[in-house]
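Whole structure, please, built from the sequences with the hints as guidance.
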Amino acid sequence: MGNCQAVDAAALVIHHPGGKQQRMYWSISAAEVMQINPGHYVSLIIPIVPPTGDHLPEDDIRRSVNFTRVKLLRPTETLLLGHAYRLVTTEEVLRVIKAKKTANLEKMKKNEQDLEKTEKKTEAQKKNRVSRNQQRCCLGSSGRHKSWRPSLQSISEVGA
2 MGNCQAVDAA ALVIHHPGGK QQRMYWSISA AEVMQINPGH YVSLIIPIVP
52 PTGDHLPEDD IRRSVNFTRV KLLRPTETLL LGHAYRLVTT EEVLRVIKAK
102 KTANLEKMKK NEQDLEKTEK KTEAQKKNRV SRNQQRCCLG SSGRHKSWRP
152 SLQSISEVGA
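Count along the sequence shown from 1, then add 1; that gives the number in our numbering.
Worth flagging that the hints you see were computed from the coordinates, not collected in a lab.
Treat the hints with care, as some may be off.
[What the hints assert, rightly or not] DSSO-like cross-link-like pairs, simulated, lysine-lysine; straight-line CA separation at most 27 angstroms:
| no. | residue 1 | residue 2 |
| --- | --- | --- |
| 1 | Lys118 | Lys108 |
| 2 | Lys128 | Lys111 |
| 3 | Lys127 | Lys110 |
| 4 | Lys127 | Lys111 |
| 5 | Lys110 | Lys121 |
| 6 | Lys110 | Lys99 |
| 7 | Lys72 | Lys101 |
| 8 | Lys118 | Lys128 |
Written as structure tokens, this is what we have:
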């Protein structure tokens, strides 16, 4: 009897867009896979297992694996045994890149707007402080504006 799990770990799996799965039992570069499948990029599938919960039986947890994390590989990288890879069309890659750019632009615009709002608030606060300081120094106890008066003592004229 053989060990079937050892054979599965010694292979790499490439998922094609049409649903076909291709097993390879040797390492291969991403550039070679891209040459064999023109118009496609190779991406590494990183499985993210949902956290265990009390409401799901153990068997269901093992079967439900979400493949939400996908890393696009460079042509110089090598596909390793024991990993799963997916072929992604050029259109999908361009669509995702465009979506990320627009999301980043929107985020930057929002950050700029928030920065402008905070700057306006700080300027208004500074103006309020300055006007309060001016009021404090220029207003007397009666609340009226004090005008400057010289504090000179009278000099009597002697012997005119």
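Verification of the hints:
1. Distance check on the hinted pair: Lys118 and Lys108 sit about 15 angstroms apart at the alpha-carbon level, within 27 angstroms; holds.
2. For the hint linking Lys128 to Lys111, the alpha-carbon distance of about 26 angstroms falls within 27 angstroms, and the restraint holds.
3. As the CA atoms of Lys127 and Lys110 are separated by approximately 26 angstroms, the hinted pair is consistent with the 27 angstroms bound.
4. Proposed proximity of Lys127 and Lys111 is supported: the alpha carbons are some 24 angstroms apart, at most 27 angstroms.
5. As the CA atoms of Lys110 and Lys121 are separated by approximately 16 angstroms, the hinted pair is consistent with the 27 angstroms bound.
6. Under the criterion of a C-alpha separation no larger than 27 angstroms, the hint pairing Lys110 with Lys99 is consistent with the structure, at around 16 angstroms.
7. About 14 angstroms separates the Cα atoms of Lys72 and Lys101, which keeps this hinted pair within 27 angstroms; it holds.
8. Distance restraint check for Lys118 and Lys128: the Cα-Cα separation of roughly 15 angstroms lies within the 27 angstroms cut-off, and the hinted pair is therefore satisfied.
Consistency note: the structure conflicts with none of the earlier hints.
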